[in-house]
Structure formats: structure tokens, C-alpha cells
Amino acid sequence: MVATVEARAARAAVATPRPLRRTGIAWVFVAPFVVVFAVFWAGPLLVGLGMSFTDMRSTDVRNPLGVDLVGLRNYLRLFDDELMRKAAFNTLVFVVTTLPLTLGLGLAAAVALNSGIARLPAAFFRLGYYLPYITSIIGIAVAWRFLLDPEAGPVNQLLAAVGVDGPSWLADETLALPVIIVMTAWRSFGFDMVIFLAALQGIPKELYEAAEVDGAGRWERFRWVTLPMLRPALLFCTVYSSIGFTQFMEEPLVMTKGGPAGATTSASLAIYNQFGSGNFGYAGAAATVLFTVIAALAFLQFRLARPR
Amino acid sequence: MTRRMWTYAGLAAGLVLVAFPFGWTLLASFKPESEIRRDPPTFLPDQWTFANYAGLFERTQMDQAFFNSTVVALAAVAGNLLFCSMVGYAFAKLPFRGRNVLFGLVLVQLMVPAIVVMIPQFVLIASFGLVNTFLGIILPTIVTPLGIFLMRQFIADIPDELVHAARVDGAREFRIFFQIVLPLCKPALATLGLITFFTSWNGFIWPAVVAQSEDMYTLPVALAIFSNAQATQYGLLIAGAVVVVLPILVIFLFLQRYFVQGTTFTGLK
Amino acid sequence: MKRFVIGVAAVGLLATACGRSAGGPAEEAKDVDVNKAAGEVTVWAMGAEGEALGAFAKEFEAANPGVTVKVTPLGWDVAHDKITAAIAGNATPDVSMLGSTWMGEMAKTGALEPTPGNLIDESVFFPGAWGTGEVAGTAYGVPWYVETRAFYYRTDLAEKAGVKPPATWEETTAFVKALKDKAGADLGVEQNFKQGSWQEVVPLVWQAGGDISAAGKWTFDTPEMVTALTHYASFFEDGLAATDQPTGAFPQTFVKGKVGAFYSGPWMIAGMEKEGGADFAGKFSVAPYPKGSAGGTSVIGGSNMVVFKSAKNREAAWKFLQWLTDPKVQASWFGKVAALPSVQAAWQEPALTADQRVGVFGDQLKDARSAPAVPTWEQVAKVMETEIEKLALGKQSAADTAKAMQAQAETIGTGA
Numbered sequence: 001m002v003a004t005v006e007a008r009a010a011r012a013a014v015a016t017p018r019p020l021r022r023t024g025i026a027w028v029f030v031a032p033f034v035v036v037f038a039v040f041w042a043g044p045l046l047v048g049l050g051m052s053f054t055d056m057r058s059t060d061v062r063n064p065l066g067v068d069l070v071g072l073r074n075y076l077r078l079f080d081d082e083l084m085r086k087a088a089f090n091t092l093v094f095v096v097t098t099l100p101l102t103l104g105l106g107l108a109a110a111v112a113l114n115s116g117i118a119r120l121p122a123a124f125f126r127l128g129y130y131l132p133y134i135t136s137i138i139g140i141a142v143a144w145r146f147l148l149d150p151e152a153g154p155v156n157q158l159l160a161a162v163g164v165d166g167p168s169w170l171a172d173e174t175l176a177l178p179v180i181i182v183m184t185a186w187r188s189f190g191f192d193m194v195i196f197l198a199a200l201q202g203i204p205k206e207l208y209e210a211a212e213v214d215g216a217g218r219w220e221r222f223r224w225v226t227l228p229m230l231r232p233a234l235l236f237c238t239v240y241s242s243i244g245f246t247q248f249m250e251e252p253l254v255m256t257k258g259g260p261a262g263a264t265t266s267a268s269l270a271i272y273n274q275f276g277s278g279n280f281g282y283a284g285a286a287a288t289v290l291f292t293v294i295a296a297l298a299f300l301q302f303r304l305a306r307p308r
Numbered sequence: 309m310t311r312r313m314w315t316y317a318g319l320a321a322g323l324v325l326v327a328f329p330f331g332w333t334l335l336a337s338f339k340p341e342s343e344i345r346r347d348p349p350t351f352l353p354d355q356w357t358f359a360n361y362a363g364l365f366e367r368t369q370m371d372q373a374f375f376n377s378t379v380v381a382l383a384a385v386a387g388n389l390l391f392c393s394m395v396g397y398a399f400a401k402l403p404f405r406g407r408n409v410l411f412g413l414v415l416v417q418l419m420v421p422a423i424v425v426m427i428p429q430f431v432l433i434a435s436f437g438l439v440n441t442f443l444g445i446i447l448p449t450i451v452t453p454l455g456i457f458l459m460r461q462f463i464a465d466i467p468d469e470l471v472h473a474a475r476v477d478g479a480r481e482f483r484i485f486f487q488i489v490l491p492l493c494k495p496a497l498a499t500l501g502l503i504t505f506f507t508s509w510n511g512f513i514w515p516a517v518v519a520q521s522e523d524m525y526t527l528p529v530a531l532a533i534f535s536n537a538q539a540t541q542y543g544l545l546i547a548g549a550v551v552v553v554l555p556i557l558v559i560f561l562f563l564q565r566y567f568v569q570g571t572t573f574t575g576l577k
Numbered sequence: 578m579k580r581f582v583i584g585v586a587a588v589g590l591l592a593t594a595c596g597r598s599a600g601g602p603a604e605e606a607k608d609v610d611v612n613k614a615a616g617e618v619t620v621w622a623m624g625a626e627g628e629a630l631g632a633f634a635k636e637f638e639a640a641n642p643g644v645t646v647k648v649t650p651l652g653w654d655v656a657h658d659k660i661t662a663a664i665a666g667n668a669t670p671d672v673s674m675l676g677s678t679w680m681g682e683m684a685k686t687g688a689l690e691p692t693p694g695n696l697i698d699e700s701v702f703f704p705g706a707w708g709t710g711e712v713a714g715t716a717y718g719v720p721w722y723v724e725t726r727a728f729y730y731r732t733d734l735a736e737k738a739g740v741k742p743p744a745t746w747e748e749t750t751a752f753v754k755a756l757k758d759k760a761g762a763d764l765g766v767e768q769n770f771k772q773g774s775w776q777e778v779v780p781l782v783w784q785a786g787g788d789i790s791a792a793g794k795w796t797f798d799t800p801e802m803v804t805a806l807t808h809y810a811s812f813f814e815d816g817l818a819a820t821d822q823p824t825g826a827f828p829q830t831f832v833k834g835k836v837g838a839f840y841s842g843p844w845m846i847a848g849m850e851k852e853g854g855a856d857f858a859g860k861f862s863v864a865p866y867p868k869g870s871a872g873g874t875s876v877i878g879g880s881n882m883v884v885f886k887s888a889k890n891r892e893a894a895w896k897f898l899q900w901l902t903d904p905k906v907q908a909s910w911f912g913k914v915a916a917l918p919s920v921q922a923a924w925q926e927p928a929l930t931a932d933q934r935v936g937v938f939g940d941q942l943k944d945a946r947s948a949p950a951v952p953t954w955e956q957v958a959k960v961m962e963t964e965i966e967k968l969a970l971g972k973q974s975a976a977d978t979a980k981a982m983q984a985q986a987e988t989i990g991t992g993a
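Chains as they are written, first to last, in my numbering: chain A, 1 to 308; chain B, 309 to 577; chain C, 578 to 993.
So here's chain A without its partners, still in its complex pose (with noise of 0.2 Å):
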């Protein structure tokens, strides 16, 4: 994506008759981002950054320079900590789960959205998809901790009056994360498929129609025509969300608080909960490789999606 864009503005550029004001403009254009960066996130970064090197604790903040310096310690200290080995771990599965069924679920419901179904419906159903991805997590957290309840919650009397025992969903270590891979899933799709839908409707009805004249059936429309033509959409979700989930934190802190025994802890909850506990320097050393592996993803899937 980032290839076709230059190569357009390349283009762009050739055929216009003043290309050195450009640069000028452009930056008039990008100031606002540029001050908030400079001024609100290049210096805090930096302090994140730096920290990481130190043994700074929340006692420090009033004397930031009054801590000693210990290299790389805090770095190899996060290799041999159980918890953020199982951190790391259990973000892993997270974001290789949560992704396609992220990703399945908003194009799902997006193609059916599209295929031609009355206006009044389609917006109903798109509000309701929709309604879980801008609700409060605080809302959200309050109704599914009722929901999964092991007695009195509506799903297991649901599997009681099937004749199955429930289990209790957020207490069991092998069930605690799935649930809340389905509640993250239930809860992002409507973003993924809000964008789908406006790519979707984006397509030239005509391309469908020399398809068809092809004698190319549904699955081979959908094969050639309509996922060649959602390929960007399809990045945009595939990176922001896999940015996203690989920070994802909310979603156990409100449910399970990272529990039982560490089974939700992600990542981002550990770091969390370092700064939380005073641990600034630890931290910073563990955000920092948290950045570092989410960078490192975002190239690959911008390499990997680089029309060859």
C-alpha cells in the first residue's frame, strides 16, 4: 500500500509544474501532528525509553536524575520473570486468535450487509453489530461478568435446561482466555466490518457485471473481484488490529484482572501493572520490548502486503 501511494505521488510529482513548493505546503498541512509529537509524545517517549536503563521507581519521580543506572538488567530480568514469559505467551495466542475471527466475523457481516438487503434493515443491523465496539468497557464488563456467571448467569441456566453443568468461565485457567478472545471478538468485528462495508461499496458494480459476463459464479466473484478489490481495507484491519491486540489490556483487567494464576495476563496488563506497582524502570524495559515486537509486525505485514 505504502508502494502503490508513493508510486501515485511520484507520479504526482512529476507532472506538476512547482514541485520544490510541495515540501513547503506539506508541512504547513502535517504541523498540527507535528507539534503535538514534538511537544506532548517525543519527550515522554524519550523518558520511557531511558528509564528502562535505570532502576526508577514511583519514589523517584520528584528527582527523576537521582536514580543509578543499571544497562541492560532490567532487560534480562523480563527473560527469567514466570509471569511475563506467560505474558508473552498468552498475547500470542490472543492476537493469532482474535485476528482472523475478527477479520471473519466484520467480512461476514459485512458482505451480507451488502448483498442487496432492504436500507431500513441494513441500517438496523449495522447499528446493532456495531453497538458493542463503542460501548463503554466499563458497560461491557458488567454485563458479561452477569452473563458468565456460574450460577445465576443467563448462558449456564441456558446449558442447565439442556442438561449440561456450566462451568464457571472466568475462574477455570483453560477457559479464562477463550472467553475473553469471544468477548474481544463479539466486541471488535463492528470496526472491522464498518470499514469492509465502505471498500465494499466502493466497488464498481461494473467489475461484478464483466464477471458475470465471464461466467464467474458467486464464490469466483467474491474470489477475484471482490477480495483483490478490499485488499486495502484488509490491511488497514489487519494492521490496526493486530496493533491493537497485541496491546490489549482492558478487556482482562476489567474481567479477570489477569487471573486465574496469571491464564489472562497479556503483555500490556503486566506492564501495567509494573508502573501500577511502582516498578517504572522494569516497565520501561518491558513496554519497550512490547514496542519493539509490535513494530516489528507492522513492517512485515506492510512488507508481506506489498503488491509484487
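No wet-lab data here; the hints were simulated from the structure. As the structure is a prediction and not an experimental result, all values here were calculated from the model. Treat the hints with care, as some may be off.
Claimed, not checked - Dumping the calculated DSBU-like pairs for lysine-lysine here, alpha-carbon to alpha-carbon at most 35 Å:
| # | chain 1 | residue 1 | chain 2 | residue 2 |
| --- | --- | --- | --- | --- |
| 1 | C | Lys-967 | C | Lys-860 |
| 2 | C | Lys-959 | C | Lys-771 |
| 3 | C | Lys-860 | A | Lys-86 |
| 4 | A | Lys-257 | C | Lys-647 |
| 5 | C | Lys-943 | C | Lys-868 |
| 6 | C | Lys-967 | A | Lys-86 |
| 7 | A | Lys-86 | C | Lys-868 |
Unchecked claim - Computed, partial: chain C to chain B, Cβ under 7 Å:
| # | residue |
| --- | --- |
| 8 | Pro-650 |
| 9 | Gly-652 |
| 10 | Asp-654 |
| 11 | Lys-659 |
| 12 | Ala-662 |
| 13 | Ala-665 |
| 14 | Gly-666 |
| 15 | Ala-668 |
| 16 | His-808 |
| 17 | Leu-970 |
Said to hold, decoys possible - Computed footprint of chain B on chain A; a stretch qualifies when at least three of its residues, placed anywhere within it, have a C-beta under 8 Å from a C-beta of chain B:
| # | segment |
| --- | --- |
| 18 | 45 to 54 |
| 19 | 74 to 84 |
| 20 | 151 to 158 |
| 21 | 167 to 173 |
| 22 | 264 to 277 |
Just so it is clear, CB atoms sit at the ideal spot from N, CA and C, and this is done for glycine as well.
Following the hints, complete the assembly by docking chains B and C onto the known chain A.
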């Protein structure tokens, strides 16, 4: 025809699954505290009550918090709509030196766990004298990486010829941007506006840290006062969740028609 | 490249500026002249206390014309982050409530003002409570209210099973077993093994004659610790305490009679009456901690009120704290939010003597100690909780749990 019926059936079944937790929460907000946790549970309230809502408004400065949340969210929306589309336009249509480095920084901001920068950011806000002000709550997210990302992607799909034609006619970049590009971006702007609104509306930790007096609290911050570890009051919490979600629902209903406008955009291709 | 070099040079310069300086002499408290008290005092307070304090402080305002108190309530979830950030940005209020276990950490930042001896008298407080605010020999703020833990049980179930509340560890096991086998309390005793579970274990260590820290070092890997952990874990092993209940199932499980007993603080008296309705009040009672081989010491917690060094209104701030710790005011505050007085004399007031169950906590407070007031306590407590959870779930032995706690606590240190 049968295929269409199946589509409807599938969509409806999906909707039931998706909406069930909401319906259940909404109904629970009208139950008295004791009924909320009754086993076996009731679906419809045995005894309808507004006590949870009454308690909510009695216990906290709800109206003030509602107002604050609205101000903060609207300001964030206005800032993001304007600034993200400006920046996105530059990334998509204006080749310039340093573009890749700058886009790298956008991605960096997107990828950093927010908790890492919180305390240094607060120190900055404090040194500017912006603690306990709307500006302090809004400024760090007045232009967001997701918005830039979204707008860049969308504007890149606008045919270059449109922009070129205007340039050949001697139009200034700002005029091109405001009169040609922005009107074409309505669907994307609607999406971005909604996402920004709810992110800001639901934001918790940052506003909680910056707002230092109750009259500056946003809704989630005000609601958090009584959700503590020892005795969580479910009735209040559920009513609070409903109060937080409702405005978003209304706004989304209102923006529906812009979401459909993706079709007008197609006509240009 | 050039920019990179400059960047490296800047980081290098910064790095050379780093380094911890040796701790200076203990801080000196400065006297306060409360006669100068006037103007507005800004106060932060958490949870239910935060909600109620604003209205309560009107009495103070009435008694002190010219002084106003502005209370900002905060949620517990965000309070620690918010206060840390405020200290970092030098944007603190005049006064803040702090969880008693945060005292070590917050005092170490250097943002708190030592308690003026001319105004606050140490001897009126429970010694354990005063200890929460004493960091490296200097006292900060005042203990505002206290909490300690005791043994709650269902009186009706105990009667049905024909047992009396336990006085020793051994009796506890028999007691819970009887409730389960004879009175239908199939979940036995509720033992917390998640957030806050250190409070379940630390008293047991003391009751076994051990301690978790000594002479500035952590001492988790001791025979006493293993004894305490073994006793704690035995309830899970014997099926007398459950690990498969969801968050929030308790206290309803106690109301329903599935759980027959649990250890908790005084707020549960009011909490239970709310959970179970008015007629439930007569179905449960409170007993002091059952004794181990070395006694029945409980843990003391609660909250303290501190004044920040950057307070704009120092005199009025300390005057407000002095008022809050007046015995009569403490008793009347108990009436508002059921927060136990940290001042011993307040326990003679009728508000405190009316309910015998409250009195149990009053007696228990005389034999209660605080968690170590060191800056790293919150971190070490988290380590304990993680390891306790593994023990409770049967994933590691008591001895291994003690070793794991010691190893991690040593890495963290005491922050001294």
C-alpha cells in the same frame, strides 16, 4: 429469494447474539439491587424501578459530568476531523521531504502503550499550567495516529486527476483541500468522528489524572468513584453504564445517513 | 546520522548526571500555628469516604469560620496513579487520603510533610495504626481510620452443627468441617487467594511466630512462613474452601449459606446486612482471629490523611487533620461510613459500643500490626498474591511458595 431469506435469518440471529448483553443490561438497570443478583435470574424486571438512576444522579454530579464529557468529546472530534484530514492529505497527495520519517513517527505513537507516557505527559501538562482544565485533557489527543492513518488511506483513493486539475487551474492547496478533498471525505469523516467521539467519551485514566476537582470530571471518572473493590454497587454501575452508552447510540443513529454515503463516493471512480 | 550522534551525546550527558545520592538525615517536623488557619483546604479522598467527606466537613467549617474545605472524591482504581502523577508534576492538593500501605512509597518521594508534634499526639492512636505512617523514623500525616480482620461466621449454621466459634487454628479446621458436613455449607470457608490475599496470609505468619521482614530484609523463607502457608492451603486441599467461584460470587454465597465463614474487615457488617436484607443481621457474628502457636495477631490497615509539602494552605490543612482525629469526630464519622476510629478514646463513644460485633474489632485492634511501611511494599504484596494463588490452586507446595516469594522479594528489595 430463499438465499435472501437466509441472509436475513443469519443477520437476525447474529443480532440477537450481539445485542443480548445490551438488552439484558438495560433491563437490569430497572431492577432493584436485590433482584439484579437473584438466582435464578429474571429477564424482565419483576418490579420496575428507577431507583438506580435516581441514586446515580443523587450521588454524583451527573449533569456536570455529562456536560464535561460532551465538551471534551466534541473538542476532540473537531480537532481530529480537521487536523487528521489535513495531515492525511499531506501524506496521501503532497510528496515532501521527510514524509517517511514523519509517517514512522505516526506509527510509533500508535504502537506505544499509553501508560508509559502518562506520567511524563502529566508533568508537561502541569508545567504548562493546564492541570484541571479541558485543554489539558484534550490536547495530547487533539490529533491521533488512527485518524491520520484512516484519512491518509481514504484520501489516497481519491483520483489524483481531481487534485491535479485543480492545481492546473491555479487553486491553492488549502482551497483544494477544503473545497475538493474534504467534501469527498464525508464517509471517512463520519467514521473518524464517531470513533474519536466514543474514544474520548469512554476515556478514563487520562481524564481521571488531569481533572482534579469534581466539577471537571467526565462521566467515566465520576462513575468510578463508587465502583470500589470492597462493595461494588451493581445497580448504580449498571445504570451508569446505560447513561454512558445512550448518547453514543443516539449520535450513531444520527450519523447513519453519512455512513451510507459511501455510494456517492463510488460515483467518482 | 548527525542527529543520531547528537542524540547519543545528549543521552550520554544525561546518564552521567544520574546516580542515587546517599540518604540524608531524617526529616525534621516543623511546628504549625493553627491560629493562622484560614482560606480553602483542598482534599482528595477515595471511594465511599470521598463521597461522604464533603458534607461531613461542613461541621469543621462551621466551627472554624474563614476556613473552607473542598473535597474531591476519587475512585480507588485510579487513585494511586493520580497521586503519583500529581507528585511528579508538583500539582498536589493540600491534603490527601492515602491507603495505609502506600505510606512508605509516597513518603519516600519526599512530597509528604512530617507530622508536627506540637499538634498531633502519637499516644492517642492505636500503636499499629501509628506504625503505618512511620517511615524510616519519621511520622507522616495521621492514621484516619483503621481496619483489621476478624473471623465472620454463620451463627445459625454453627448452632445447627453444634459447634462454637474457634479459638485456635485446629478448632478452625474442625469448625469449618462441621459447618460443611452437618449444616450444608458445602463451600466451607471463604479464603481470598487473589487481589489482597496477602492479608489472609500475613496474620497467619505472625500467629505462627514468624515475620515477613526483619532488619531491612525480607524473610519469607522461614519455617513459620511454611507453617502459615500450609495451614492456609490445607483448607483448599481438604475441600473446605473453594477456588472455582467467580469474582463477585461471594458474599452472596455466605448469605445463601454455602459459605459458612470468612475473614474480613468491619465494613462487612453493614455490607452483609445490605446483601442479605434486614433479617439476615441476626444470622451471623464475628469472633477474634483464632490463635496460632504464637497468638492471634491480626493485620491493621485503613487509610491515613497526609499533608503535602507543596500545600498552599498548610495551617488550615493540619488543623483539619487535627479535627478529623478528635475522638468525638471519629465516632461520628464511624456513624457515617462505618470506618473504625484510629483514635483509641473514640471507642468509648456510644456509637462504637452499641454493636458487640464492632467491639470484636476494637479488641482485635489492640493485637494488630501493620504491613512493613517500606516503599516497595505494594510490589512485594503483588508477588505474594501471585504465589499465594498458585498455592491455593494446588500448583506448588507451601515450601516452594515461601522460596518463590523470598527470591522475588529479594530482587525487589525494601527500597531503603
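*8 Å C-beta test of the segment 151 to 158 of chain A against chain B, three or more residues*: With 5 residues in contact (Cβ-Cβ under 8 Å with chain B), the coverage given for the segment 151 to 158 of chain A holds.
*Are 3 or more residues of the segment 45 to 54 of chain A near chain B, judged by a Cβ distance of less than 8 Å?*
Check passed, 3 qualifying residues.
*If you take the shortest Cβ to Cβ gap from Ala-668/C to chain B, is it below 7 Å?*
With a closest approach of 5 Å, the Ala-668/C hint holds.
*Would the stated hint for Leu-970/C survive a check requiring a Cβ distance to chain B of less than 7 Å?*
Check failed: Cβ of Leu-970/C comes no nearer than 21 Å to chain B, outside 7 Å.
_Straight-line alpha-carbon gap Lys-257/A to Lys-647/C, limit 35 Å_ = Status holds; Cα separation ~33 Å.
*Gly-666/C as chain B interface residue, shortest Cβ-Cβ below 7 Å*: holds, 3 Å
*asked:* Check whether the Cα positions of Lys-943/C and Lys-868/C lie no farther apart than 35 Å.
replied: holds, 14 Å
_Under 7 Å is the threshold here; is the Cβ of Pro-650/C close enough to any Cβ of chain B for the hint to stand?_
Holds, about 5 Å.
_Taking beta carbons only, do three or more residues of the segment 74 to 84 of chain A come closer than 8 Å to chain B?_
It is violated: at least three residues are needed, and the segment 74 to 84 of chain A offers just 0 whose Cβ sits closer than 8 Å to chain B.
*Could you grab the alpha-carbon distance between Lys-86/A and Lys-868/C and see if it respects the 35 Å cut-off?*
At roughly 38 Å apart (the allowed maximum being 35 Å), Lys-868/C and Lys-86/A break the hint.
_Quick check on Gly-652/C please, does its C-beta sit within 7 Å of some C-beta on chain B?_
With Cβ-Cβ at 3 Å, under 7 Å, it holds.
*Residue count check for the segment 167 to 173 of chain A against chain B: does it reach three with CB-CB under 8 Å?*
With 0 residues close enough to chain B, the hint is violated.
Hints 3, 7, 16, 17, 19 and 21 from the list above are not met by this structure, while the remaining hints are.
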